[in-house]
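**Q** Below, each chain spelled out in residue letters.
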Amino acid sequence: MEIITVERKVLKKNDEVAAENRAMFERAGLFVVNLLSSPGAGKTTLLEATIRAGEGRMRIGVVEGDVQTDFDAQRIVATGAPAVQIVTNGACHLEAKLVQDALAGLSLEGLDLLVIENVGNLVCPASFDLGEAKKVVIASTTEGTDKPAKYPKMFRVADACVINKMDLLPHLDFDVERFKSYAREINPELEFIETSARTGDGVAGWIDWLSKQRGA
Amino acid sequence: MHELSIAQGILDIVRETLRERPDAVVERVFVDVGALVAVVPDSLDFCYGAITAGTPMEKSELVIREVPISVRCRDCGGESAVESFVFRCPHCDGSSLETLSGNELSVTGIEVQ
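Residue numbers (my numbering), protein chains in the order written: chain A, 1 to 216; chain B, 1001 to 1113.
Fair warning: there could be bad hints in the mix.
Coverage of chain B stretches by chain A, computed from C-beta distances (three or more under 8 angstroms per stretch; other residues unrestricted) [what the hints assert, rightly or not]:
(1) 1005-1011
(2) 1090-1098
One-sided and incomplete, this derived list gives chain A residues near chain B with beta-carbon spacing under 7 angstroms [said to hold, decoys possible]:
(3) 5
(4) 7
(5) 8
(6) 212
Treat the hints as calculated values from the structure; they're not laboratory data.
Glycine is no exception: its CB is placed at the ideal position from the N, C-alpha and C atoms.
Work out the full structure: start from the sequences and follow the hints.
**A** Below, the structure written as structure tokens:
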């Protein structure tokens, strides 16, 4: 009987490709955000609002990730920003290799910011490094006050949390301060940005946060 | 979460490690699973059994060590365990914490006959 010492990470392959992505982004001087949320929280709508409001200030490119359709990439392209669509055909999260392959179809030249819009899912995407600089989770007011406690890993790994659909507050029992305190228990340093992607409220503050992270 | 592909990943590591030893009979595979990793040990064990059935690895056993979350406070230097995902330093109530353990998902050893 013999015990062979191994010490090999199971997700090593994803981590290695993520590191390659990260190195490529750094060489290109590109700031990259992994945008995460449950389905329907407002990732694409916020991106559309960001691209419109950021015009002249920040050139944005997008990698879209969905199980099916290229609806989201089409929406982004309609705003005038470049986008490519990853269709996972069933995978519930993006992995570094999918992003690396998709980037072959997107010119990074002239871009200040690349956003990778992940598959709508508050669980699995939290575990897969794509090579991004920052992870941002969007939680919308319609999803409920207690979501940070119910999805601790996602809120732990996020660098910032956008609270979206603030315009719907009058119709909901959503408690913004309680939501933040649930989130701060898990991630005391989490930054919050409140927005309504639909009305545009708070989008300027979100762009300020992005600019600050870029070091611009 | 994806225990099946993780079980496959574990098998891939075992096969790569034992490439030079095709006659080795694997008794146990030791795996660390951190509490932050969102992998359910029972599911992982089940999936491992499902994919090794009918293969030379069929009799091998997965030994899972669940690693709890521990942190070091950047303010006071104190180390502590994290319960129920509450990340606060119990010594100084500080909130700037470095995660020391809980993120592991790795094959640490293989026992062969």
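**Q** Could you run down the list of hints and mark each one as holding or not?
**A** Okay, the hints, checked on the actual structure:
Look at the stretch 1005-1011 of chain B against chain A: 3 of its residues bring a Cβ nearer than 8 angstroms to a Cβ of that chain, three or more, so the hint holds. Judged by the Cβ-Cβ criterion of 8 angstroms, the stretch 1090-1098 of chain B is covered by chain A as claimed, because 3 of its residues qualify and three suffice. Because the smallest distance between the Cβ of residue 5(A) and any Cβ of chain B comes to about 5 angstroms, under 7 angstroms, the interface hint for this residue holds. Hint status for residue 7(A): holds, given a least beta-carbon distance of 6 angstroms to chain B, under 7 angstroms.
The beta carbon of residue 8(A) is positioned within 7 angstroms of a beta carbon in chain B (closest approach about 5 angstroms), and the interface hint is therefore held. The beta carbon of residue 212(A) comes no nearer than 19 angstroms to any beta carbon in chain B, farther than 7 angstroms, and the hint placing it at the interface is violated.
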